[in-house]
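My request is simple: use the sequences and hints to build the entire structure.
If you read the protein sequences in the order shown, they are chains A and B.
For what it's worth, the working numbering labels the leading residue of the first sequence as 39, then goes sequentially.
For what it's worth, the working numbering labels the leading residue of the second sequence as 14, then goes sequentially.
In short, the hints are calculated from the structure, not lab data.
Note that the structure is a prediction, hence the values are computed from the model and not measured.
For every residue, glycine included, the Cβ atom is placed at its ideal position computed from N, Cα and C.
Wrong hints could be hidden among the right ones.
What the hints assert, rightly or not - Under 10 Å between C-beta atoms, here's a sample of chain B residues computed to sit facing chain A:
| hint | residue |
| --- | --- |
| 1 | LEU39 |
| 2 | GLN41 |
| 3 | ALA42 |
| 4 | ALA70 |
As the list claims (entries may be wrong) - One-sided excerpt, in silico: chain B residues whose CB lies under 7 Å from chain A:
| hint | residue |
| --- | --- |
| 5 | GLY27 |
| 6 | LEU30 |
| 7 | SER31 |
| 8 | ALA33 |
| 9 | HIS51 |
| 10 | PRO52 |
| 11 | ALA57 |
| 12 | PRO59 |
| 13 | GLU62 |
| 14 | TRP69 |
| 15 | GLU109 |
| 16 | SER180 |
| 17 | ASP190 |
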Amino acid sequence: MALLQISEPGASPDPHQRRLAVGIDLGTTNSLVAATRSGIIECLPDAEGHTLLPSVVHYGRHGAEAIGYPALARAADDPANTVISAKRFMGRGVADVAKYGALPYRFVDAPGMVSIETAAGVRSPVEVSAEILRALRLRAEETLGGGLFGAVITVPAYFDDAQRQATKDAARLAGIEVLRLLNEPTAAAIAYGLDNASQGTFAIFDLGGGTFDVSVLRLTNGVFEVLATSGDTALGGDDFDQAIAAHWRAVHGLADASGADTRRLLVAARRAKERLTDEASVEEPVLLSMGQQVVLGLTRQEFEAISAPLVQRTLGPARRALRDAGVLPASVDGVVLVGGATRMPHLQRAVAAFFGQEPLRDLDPEEVVAIGAAMQANALSGNRGGDADWLLLDVTPLSLGIETMGGLVEKVIPRNSTIPLARAQEFTTFKDGQTAMAIHVVQGERELVSDCRSLARFELRGIPPMVAGAARIQVTFQVDADGLLSVSARESTTGVTASIGVKPSYGLSDEQVAAMLREGFDHASGDRDARALAEQRVDAEHLLQALRGALQADGNLLAPAEREALEAAMQSLDQARVGKDHRAIKSAIAALNTTSEPFAARRMDRAVSRALTGRRLDEVPLK
Amino acid sequence: MNVDFSRNHFDLLGLPLSYAVELPRLEQAYRALQGSVHPDRFAASPEAERRVAMQWAARANEAYRTLRHPVDRARYLLSLQGFDTGEESNTAMPPEFLMQQMQWREALDTARQAGEAAVLEALRGEIDAQRRSMLALLATALDGQRDYEAGCALVRKLRFLDKIEASIDDALADIEDAGQ
Numbered sequence: 039m040a041l042l043q044i045s046e047p048g049a050s051p052d053p054h055q056r057r058l059a060v061g062i063d064l065g066t067t068n069s070l071v072a073a074t075r076s077g078i079i080e081c082l083p084d085a086e087g088h089t090l091l092p093s094v095v096h097y098g099r100h101g102a103e104a105i106g107y108p109a110l111a112r113a114a115d116d117p118a119n120t121v122i123s124a125k126r127f128m129g130r131g132v133a134d135v136a137k138y139g140a141l142p143y144r145f146v147d148a149p150g151m152v153s154i155e156t157a158a159g160v161r162s163p164v165e166v167s168a169e170i171l172r173a174l175r176l177r178a179e180e181t182l183g184g185g186l187f188g189a190v191i192t193v194p195a196y197f198d199d200a201q202r203q204a205t206k207d208a209a210r211l212a213g214i215e216v217l218r219l220l221n222e223p224t225a226a227a228i229a230y231g232l233d234n235a236s237q238g239t240f241a242i243f244d245l246g247g248g249t250f251d252v253s254v255l256r257l258t259n260g261v262f263e264v265l266a267t268s269g270d271t272a273l274g275g276d277d278f279d280q281a282i283a284a285h286w287r288a289v290h291g292l293a294d295a296s297g298a299d300t301r302r303l304l305v306a307a308r309r310a311k312e313r314l315t316d317e318a319s320v321e322e323p324v325l326l327s328m329g330q331q332v333v334l335g336l337t338r339q340e341f342e343a344i345s346a347p348l349v350q351r352t353l354g355p356a357r358r359a360l361r362d363a364g365v366l367p368a369s370v371d372g373v374v375l376v377g378g379a380t381r382m383p384h385l386q387r388a389v390a391a392f393f394g395q396e397p398l399r400d401l402d403p404e405e406v407v408a409i410g411a412a413m414q415a416n417a418l419s420g421n422r423g424g425d426a427d428w429l430l431l432d433v434t435p436l437s438l439g440i441e442t443m444g445g446l447v448e449k450v451i452p453r454n455s456t457i458p459l460a461r462a463q464e465f466t467t468f469k470d471g472q473t474a475m476a477i478h479v480v481q482g483e484r485e486l487v488s489d490c491r492s493l494a495r496f497e498l499r500g501i502p503p504m505v506a507g508a509a510r511i512q513v514t515f516q517v518d519a520d521g522l523l524s525v526s527a528r529e530s531t532t533g534v535t536a537s538i539g540v541k542p543s544y545g546l547s548d549e550q551v552a553a554m555l556r557e558g559f560d561h562a563s564g565d566r567d568a569r570a571l572a573e574q575r576v577d578a579e580h581l582l583q584a585l586r587g588a589l590q591a592d593g594n595l596l597a598p599a600e601r602e603a604l605e606a607a608m609q610s611l612d613q614a615r616v617g618k619d620h621r622a623i624k625s626a627i628a629a630l631n632t633t634s635e636p637f638a639a640r641r642m643d644r645a646v647s648r649a650l651t652g653r654r655l656d657e658v659p660l661k
Numbered sequence: 014m015n016v017d018f019s020r021n022h023f024d025l026l027g028l029p030l031s032y033a034v035e036l037p038r039l040e041q042a043y044r045a046l047q048g049s050v051h052p053d054r055f056a057a058s059p060e061a062e063r064r065v066a067m068q069w070a071a072r073a074n075e076a077y078r079t080l081r082h083p084v085d086r087a088r089y090l091l092s093l094q095g096f097d098t099g100e101e102s103n104t105a106m107p108p109e110f111l112m113q114q115m116q117w118r119e120a121l122d123t124a125r126q127a128g129e130a131a132v133l134e135a136l137r138g139e140i141d142a143q144r145r146s147m148l149a150l151l152a153t154a155l156d157g158q159r160d161y162e163a164g165c166a167l168v169r170k171l172r173f174l175d176k177i178e179a180s181i182d183d184a185l186a187d188i189e190d191a192g193q
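This is the structure:
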């Protein structure tokens, strides 16, 4: 008997089936994938019933030989080939990772981002993360019974451009269409806000395995407006483990521990930390690599004393976020704890004292981010029902600027600006007859370029020779809804305009991704072509269907000749679509997108006019 | 690009062209506008629509940011009336205003070096009182007398005050962080 599909009440009117969209929390320690199953959003378990996937990849001679729990089990006996907490290395250089304490890896200094030498060869953190994302994609596809339409992937709010770009690259490598990069605290806020139909000002305090974020949001009639965010992308539960391990090394004279012992101490430290949430004192037996058995003890009091500086480090960003939001601790309506590390009792006490109120912990602090991401994934893929309407207005966490004379930073976009955004600033030449200008894009709060993170360098050429100070060079920064930056520059005094667009240099180029895919990361070549063809056909059909609908609704916005041109481009795609050449379909899609852009612009203008007149008259709040 | 950006910020947010702005109304109009143009509303739409949505959302953010800030709003309103506040080029100030600035700067530097948060807070309060009275004058100049030259002069002064307030906030933040 054939099973009939019945759509949920309020579900998408799309004649096609509901699109499979998931939320992925790519964590430092653990990762999760959440999706709608039988009408409710939940974290998807693996075959053994675990929802958490340890963010661990074990490499052997033939590549990634284990991911998750089986990989974690190899950490003690083969630490150099077992990559844990790869997220802390995303978009980071050798100097950055040196600050994390003793780690059992052979780091390789690659341009832009550190890599790790493993038994399978040199692996970048992007590739390690891609393995984890791929495992989650497969889990979701098996559980949900179909290919994914796309995923919302969460990142720490305080991730800079390089770290965001690296995360997006990892998803591409894993064969995942990224619907949006979503800030972790914002994802948690969605889950909380929608769960409790909250209104007011909330602080999200998110201490994960390796990163710390604090965001201040205002919730009004379904609009989540991030007022400010702050944090520390190099502070997390891992640092508490390191503090315990360092304490043991000092007390037990284990200073010259080998790589294997470093990992064993860290594993024991994490266990001790977790047990101390409920127990007053613990003992951890550890078998060292030389065969020596030691019993490492720790009381809660000792732990609280040695980790007090780490707890204190969370309060600075909390204060900054409140200050930037213009909110006093007393006027915060609720404080939400997110992340496994917020289970530590002394951390909870510090948060309660700082905000003058007991924090909320009614949703699982480890699952809440993935759940919120899945809610947003549903909304973005058009699955949202009529009554599940909300809007997120997030911010860029760090100021963006360019280098000016004397190695100083001129800020173009201040931190906590609502995204997406575009902002231009004018600069001029320094020397008479100067025909080129070097533009150096940086991110950070400090005044000196050397104290900020360098994102991109490029040169604007073809400036007409003029006296110093006469040229008008407009540099435009654009930050998209994923928080990713692109920069362009043009000279416009003399009617001659030179223009160039750049993306920051940390990410992988399309060629690099293609090369990694060719190296057999994902599929054999034949599979890849078949998959590309299937994907392009779906995209083509989707585009044609959307445009047919748009023409029906708003076709009167086009002059007859314009309509003919658009229909001709649609016809071309319709013909390419039945062919077997995925590249031909792709270029026909691109052509149609370009042809249809003026139409899209006019439709949006009409929508804006309607929104304004409609809402101005009756003042209906956005639901 | 065919996006119609001819509307000014006030039009775009459905507000009357005046310096006085009802903040709740501004906020509500902004949220309503983002509700119809934000890229999240078009995440599953064709690329052309997503591009247009991003431009519109960026435009809405810029309009909101400008109108929400009292000095930015004044500068923008003046530019719509054809007046350039000339903050970079016109630095001529009444001598007593400059004297006052120098005194505040000195007090700020002394308090910052001594780490005296209370002194900085008091200074900020004093400047803020001055700022509020200037904003009241600005409202009268722009909405009442329509004296745009006076409006430009006030914006130039307020820019000084905004800068010194930002420096005080930075100094206070440094003191707080150092106290950790």
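Comparing the hints with the structure gives:
This hint is violated: LEU39 (chain B) has a C-beta 12 Å from the nearest C-beta of chain A, more than the 10 Å allowed. The closest approach between the C-beta of GLN41 (chain B) and any C-beta of chain A is roughly 7 Å, which is under the 10 Å cut-off, so the hint is satisfied. Among the interface hints, the one on ALA42 (chain B) holds; its C-beta lies about 7 Å from the nearest C-beta in chain A, closer than the 10 Å criterion. Taken as an interface hint, ALA70 (chain B) checks out: its beta carbon lies about 5 Å from the nearest beta carbon of chain A, inside 10 Å.
At a threshold of 7 Å, the smallest CB-CB gap from GLY27 (chain B) to chain A is about 4 Å, leaving the interface hint in force. Among the interface hints, the one on LEU30 (chain B) is violated; its C-beta lies about 14 Å from the nearest C-beta in chain A, farther than the 7 Å criterion. Checking SER31 (chain B) against chain A: minimum C-beta separation of about 16 Å lies over 7 Å; hint violated. Interface restraint check: ALA33 (chain B) against chain A, minimum CB-CB distance 18 Å, threshold 7 Å, status violated.
Of the supplied interface hints, the one on HIS51 (chain B) holds, with its beta-carbon coming within about 6 Å of a beta-carbon of chain A, less than 7 Å. Interface hint at PRO52 (chain B): satisfied, since its Cβ lies 4 Å from the closest Cβ of chain A, which is below the 7 Å cut-off. Evaluation of the ALA57 (chain B) hint against chain A yields a held restraint, the C-beta minimum of about 4 Å falling below 7 Å. Taking 7 Å as the C-beta contact cut-off toward chain A, the hint placing PRO59 (chain B) at the interface holds, the least distance being around 5 Å.
Interface hint status for GLU62 (chain B): upheld, as the beta-carbon distance to the closest one in chain A is roughly 5 Å, under 7 Å. Nearest Cβ of chain A to the Cβ of TRP69 (chain B): about 6 Å, under the 7 Å cut. The hint holds. The restraint placing GLU109 (chain B) at the interface with chain A is violated, with a minimum CB-CB distance near 31 Å, outside the 7 Å limit. Hint on SER180 (chain B) is violated. Least Cβ distance to chain A is approximately 12 Å, over the 7 Å limit.
Checking ASP190 (chain B) against chain A: minimum C-beta separation of about 5 Å stays under 7 Å; hint holds.
When each numbered hint is compared with the structure, violations occur for hints 1, 6, 7, 8, 15 and 16.
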